[in-house]
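Asks: Once you've looked at the hints, dock chain X against the given chain H.
From first to last, the protein sequence lines are chains H and X.
Letter by letter, the first sequence follows residues 19 to 225 in my numbering.
Letter by letter, the second sequence follows residues 19 to 225 in my numbering.
Calculated directly from the structure, the hints in this document are not laboratory data.
Hints should not be assumed to be uniformly reliable.
Pairs count within a copy or across copies, as identical chains cannot be separated in the list.
What the hints assert, rightly or not - Computed cross-link-like contacts, EDC-like style, restricted to lysine to aspartate or glutamate with a CA-CA straight-line distance of at most 20 Å:
| no. | residue 1 | residue 2 |
| --- | --- | --- |
| 1 | K222 | E208 |
| 2 | K222 | E204 |
| 3 | K213 | E120 |
| 4 | K222 | D211 |
Protein chains: 2
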Amino acid sequence: MIKDQSVASFLDNLASSASTPGGGSAAAIMGAMGAALTSMVCNLTVGKKNYAEVEDDMQAAVKKTEQLRAELVEMIKADVDAFNKVMAAYGMPKESDEQKAERADAIQQGLKEATDVPLACASLCRDVIDISEEVARKGNKNVISDSGVSVLAAHAGLKSAALNVYINVGGIKDSDFVKDRLGQLEQLLEGSDAKTESIYQLVKERL
Amino acid sequence: MIKDQSVASFLDNLASSASTPGGGSAAAIMGAMGAALTSMVCNLTVGKKNYAEVEDDMQAAVKKTEQLRAELVEMIKADVDAFNKVMAAYGMPKESDEQKAERADAIQQGLKEATDVPLACASLCRDVIDISEEVARKGNKNVISDSGVSVLAAHAGLKSAALNVYINVGGIKDSDFVKDRLGQLEQLLEGSDAKTESIYQLVKERL
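Next comes chain H alone, as it looks inside the complex:
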């Protein structure tokens, strides 16, 4: 599993001409790094006398970011699995009409899954951005730059996952499905650039 590979090996595999891991796994890792860094800021805020009044907020936030991180780590593999499923479908026999129909169905099913996985990744990344805002505002000033890196990583993860949604819907014939998923994605992206920039500026001011 990718999560068990060393950081250096993962990077080697990412750079190689193998199709996986690719941008989808990188998106999930960026989201997971974003979640981890907000967890770190929370962990370095709880129990500190000067931050006693935000203790409960930080405890609640770290619970959420640790859950998000666990789900994002799962996405690293889910992205590879979805990609492999599409590739396997393209490799199915296409001699008889029945085989052709089965293959076409499997491709469509695979592409839908390969759309829903990055869409779920995008949703998790957006949640990281939203939580990181509160932590950047209230968390321990000494590590607040890590809140800034958190939101930058999650934002890059969100927009990267979005690219993987766009690329896969291109081949899907079920126009209701495509419309629905693109609608969901637009909602996740909405305001995310501005929010990320405003958290970045907030962090710069608190440095």
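Replies: Chain X only, in chain H's frame:
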């Protein structure tokens, strides 16, 4: 070494209340993922008949991104080392006037190094952005979303590294040094938001 840790362990350590690894190492990893993904697009473009006319450009680009990736991987550890050096300086004895002066010097030296490391990381990330533009324009259309993820990752790495420069110059008394490094940083940041957005749009159009 962090690069030898598994992806999952690295994320656990990032989330923990230990001060390292932190945002500086995450910035370097994002830059390295950006470099790796542009390498991947190059590797999946060279040798393809349809892309014969950009073969030389892709060969040249992957040489650069692989060099940048190697340097960015070194930055993961360099960031931790620089942080530890500052912490060690703060921990030096401060009884006598001589000790106080030695400690103050060591802190200043440490902070300068802890500024120059993320500045170098920012520079490498900017190089990744600049190279990814050409690859996004000319590389294999089938994996072009990976070029988009590449630039998003490198851009998040650049801005994350910038935060680590800002936080460290705050404690440096040598105003010429501070002015010089902030000037270098502003040059690296200049136009990077717009360039990243334009590469993202280019990729979306080529999807």
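Asks: All hints are to be evaluated individually against the structure, with a verdict given for each.
Replies: Now the hints, each set against the structure:
Taking identical chains as interchangeable, the C-alpha atoms of K222 and E208 lie at most 20 Å apart only when they sit on different chains, with a minimum of 17 Å there against 23 Å within one chain. Taking the shortest Cα distances, K222 and E204 sit within 20 Å of each other only across copies (14 Å), while inside one copy they are farther apart (28 Å). Taking the shortest Cα distances, K213 and E120 never come within 20 Å of each other, neither inside one copy (45 Å) nor across copies (44 Å). Proximity of K222 and D211 under a CA criterion of 20 Å is satisfied in both settings, with 17 Å inside one chain copy and 16 Å between copies.
In summary, the structure is inconsistent with hint 3 from the numbered list given earlier, while agreeing with all the others.
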